[in-house]
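We have chain A; now place chain B onto it with these hints.
Residues per chain are reported as follows:
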Amino acid sequence: AQSVSQHNHHVILSEAASLELGCNYSYGGTVNLFWYVQYPGQHLQLLLKYFSGDPLVKGIKGFEAEFIKSKFSFNLRKPSVQWSDTAEYFCAATPSNTGKLIFGQGTTLQVKP
Amino acid sequence: EAQVTQNPRYLITVTGKKLTVTCSQNMNHEYMSWYRQDPGLGLRQIYYSMNVEVTDKGDVPEGYKVSRKEKRNFPLILESPSPNQTSLYFCASSLPGQLYNEQFFGPGTRLTVL
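Residue numbers (my numbering), protein chains in the order written: chain A, 627 to 739; chain B, 307 to 420.
Only chain A is shown next, with the shape it has when bound in the complex (with noise of 0.2 angstroms):
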């Protein structure tokens, strides 16, 4: 069955430290993959996509993600984070020819000031 696991389930981090969260999904064609956020209280909200070109995609808020094929992975990271980037953080995968989103279980981040 098609799925998308993320291994931590809970980070607790101080400001400045660097972020990096895992995302690893289970479907063998093309597949298109997202990093939605959810703040406390708020929307989801797009972080990032890929969909293919440059493995590395870029997104709002200095996030980056790199997608790996060999490793069915699309590890979401940030340098430095900030205080106001405590979120729960979701990956998710489209696989190709259908409708359907499929997430992850999320990781909460909080940010210690």
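Keep in mind the hints are simulated off the structure, nothing from the lab. Any given hint could be a false lead.
Stated by the list, open to error - Distance condition first, Cα-Cα at most 20 angstroms in a straight line; then the derived DMTMM-like pairs of lysine to aspartate or glutamate:
| id | chain 1 | residue 1 | chain 2 | residue 2 |
| --- | --- | --- | --- | --- |
| 1 | B | K371 | B | E336 |
| 2 | A | K687 | B | E408 |
| 3 | A | K726 | B | E307 |
| 4 | A | K726 | B | D362 |
| 5 | B | K375 | B | E336 |
| 6 | A | K738 | A | E641 |
| 7 | A | K695 | A | E714 |
| 8 | B | K377 | B | E336 |
| 9 | B | K324 | B | E368 |
| 10 | A | K675 | B | E408 |
| 11 | A | K697 | A | D680 |
| 12 | B | K377 | B | D344 |
| 13 | B | K363 | B | E376 |
| 14 | A | K687 | A | D711 |
| 15 | A | K684 | B | E408 |
| 16 | B | K323 | B | E368 |
| 17 | A | K726 | B | E336 |
| 18 | A | K726 | B | D365 |
| 19 | A | K726 | B | E385 |
| 20 | B | K375 | B | E385 |
| 21 | B | K375 | B | E359 |
| 22 | A | K738 | A | D711 |
| 23 | A | K726 | B | E408 |
| 24 | B | K323 | B | E385 |
| 25 | A | K738 | A | E646 |
| 26 | A | K695 | A | D680 |
| 27 | B | K377 | B | E359 |
| 28 | A | K695 | A | E646 |
| 29 | A | K726 | B | D344 |
| 30 | B | K375 | B | E307 |
Unchecked claim - Covered stretches of chain A, as calculated for chain B (at least 3 residues, CB under 8 angstroms):
| id | stretch |
| --- | --- |
| 31 | 666-675 |
| 32 | 725-733 |
Note that CB positions come from ideal geometry on N, CA and C, so glycine has one too.
Only chain B this time, still in chain A's reference frame:
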């Protein structure tokens, strides 16, 4: 303002009492979808619609119905709610070619079934 709206935002009901959660978007999006969010499980897709009168099951469709009679609206219907449907529900929409476009999410509806 471009947005997806859901009503109600909060609902407490009892087992077996039919309810409808409405979803409306003002962006002329073809694609619309419903998700439920549960702790530790992330978001799971219930139903989606590629266009008017076209709907398909997501990963957890049991106990839910949807309809898409007009482009802007995509109501979620629980004919006989049960406690295991207590959850946070999100509606979303996107442009055609939803594989490539971001989905815009509504504010969520928190449903409690007693």
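Each hint, compared with the structure:
1. The hinted pair formed by K371 of chain B and E336 of chain B meets the criterion: a straight-line CA distance of about 19 angstroms does not exceed 20 angstroms.
2. Of the supplied pair hints, the one linking K687 of chain A and E408 of chain B holds, its CA atoms being roughly 17 angstroms apart against a limit of 20 angstroms.
3. In summary, the hint linking K726 of chain A to E307 of chain B is not supported, as the alpha carbons are separated by about 27 angstroms, beyond the 20 angstroms threshold.
4. Of the pairs offered as hints, the one joining K726 of chain A and D362 of chain B holds, with about 9 angstroms between alpha carbons and a cut-off of 20 angstroms not exceeded.
5. A threshold of 20 angstroms between alpha carbons decides the hint, and for K375 of chain B with E336 of chain B the separation of about 12 angstroms falls inside it, so the pair holds.
6. Annotation: proposed proximity of K738 of chain A to E641 of chain A holds, straight-line Cα distance about 6 angstroms (limit 20 angstroms).
7. With a C-alpha separation of about 25 angstroms, the suggested pair K695 of chain A and E714 of chain A falls outside the 20 angstroms cut-off, and the hint is violated.
8. Of the pairs offered as hints, the one joining K377 of chain B and E336 of chain B holds, with about 6 angstroms between alpha carbons and a cut-off of 20 angstroms not exceeded.
9. Of the pairs offered as hints, the one joining K324 of chain B and E368 of chain B holds, with about 15 angstroms between alpha carbons and a cut-off of 20 angstroms not exceeded.
10. With a CA separation close to 8 angstroms, the supplied pair K675 of chain A and E408 of chain B stays within the 20 angstroms bound.
11. As the CA atoms of K697 of chain A and D680 of chain A are separated by approximately 16 angstroms, the hinted pair is consistent with the 20 angstroms bound.
12. The straight-line distance between the Cα atoms of K377 of chain B and D344 of chain B is roughly 28 angstroms, outside the 20 angstroms bound, and the hint therefore fails.
13. Straight-line distance between C-alpha atoms of K363 of chain B and E376 of chain B comes to about 18 angstroms, which keeps the hinted pair within the 20 angstroms bound.
14. Under the criterion of a C-alpha separation no larger than 20 angstroms, the hint pairing K687 of chain A with D711 of chain A is consistent with the structure, at around 9 angstroms.
15. With a CA separation close to 15 angstroms, the supplied pair K684 of chain A and E408 of chain B stays within the 20 angstroms bound.
16. A hinted pair counts as satisfied when its Cα atoms are at most 20 angstroms apart, and K323 of chain B with E368 of chain B qualifies at roughly 16 angstroms.
17. Taken as a hint, the K726 of chain A and E336 of chain B pair is honoured in the structure, with Cα atoms around 14 angstroms apart against an allowance of 20 angstroms.
18. Restraint check for K726 of chain A and D365 of chain B: the C-alpha separation of about 8 angstroms stays at or below 20 angstroms, so the hint holds.
19. Simply put, K726 of chain A and E385 of chain B have alpha-carbon atoms about 24 angstroms apart, too far for the 20 angstroms limit, and the pair is violated.
20. Between the alpha carbons of K375 of chain B and E385 of chain B the distance comes to roughly 18 angstroms, so the proposed pair stays at or under 20 angstroms and holds.
21. Distance restraint check for K375 of chain B and E359 of chain B: the Cα-Cα separation of roughly 6 angstroms lies within the 20 angstroms cut-off, and the hinted pair is therefore satisfied.
22. The suggested pairing of K738 of chain A with D711 of chain A holds, with an alpha-carbon distance near 10 angstroms, which does not exceed 20 angstroms.
23. Straight-line distance between C-alpha atoms of K726 of chain A and E408 of chain B comes to about 13 angstroms, which keeps the hinted pair within the 20 angstroms bound.
24. Among the hinted pairs, K323 of chain B with E385 of chain B is consistent with the structure: their alpha-carbon atoms are about 7 angstroms apart, no more than 20 angstroms.
25. Restraint check for K738 of chain A and E646 of chain A: the C-alpha separation of about 16 angstroms stays at or below 20 angstroms, so the hint holds.
26. Annotation: proposed proximity of K695 of chain A to D680 of chain A holds, straight-line Cα distance about 12 angstroms (limit 20 angstroms).
27. Between the alpha carbons of K377 of chain B and E359 of chain B the distance comes to roughly 9 angstroms, so the proposed pair stays at or under 20 angstroms and holds.
28. Restraint check for K695 of chain A and E646 of chain A: the C-alpha separation of about 18 angstroms stays at or below 20 angstroms, so the hint holds.
29. Restraint check for K726 of chain A and D344 of chain B: satisfied, since their Cα atoms lie roughly 18 angstroms apart, inside the 20 angstroms limit.
30. Distance check on the hinted pair: K375 of chain B and E307 of chain B sit about 23 angstroms apart at the alpha-carbon level, beyond 20 angstroms; violated.
31. Counting residues of the stretch 666-675 of chain A whose CB falls under 8 angstroms from any CB of chain B gives 5; the rule of at least 3 is met.
32. Judged by the Cβ-Cβ criterion of 8 angstroms, the stretch 725-733 of chain A is covered by chain B as claimed, because 8 of its residues qualify and three suffice.
Hints 3, 7, 12, 19, 30 from the earlier list are contradicted by this structure; the remaining hints agree with it.
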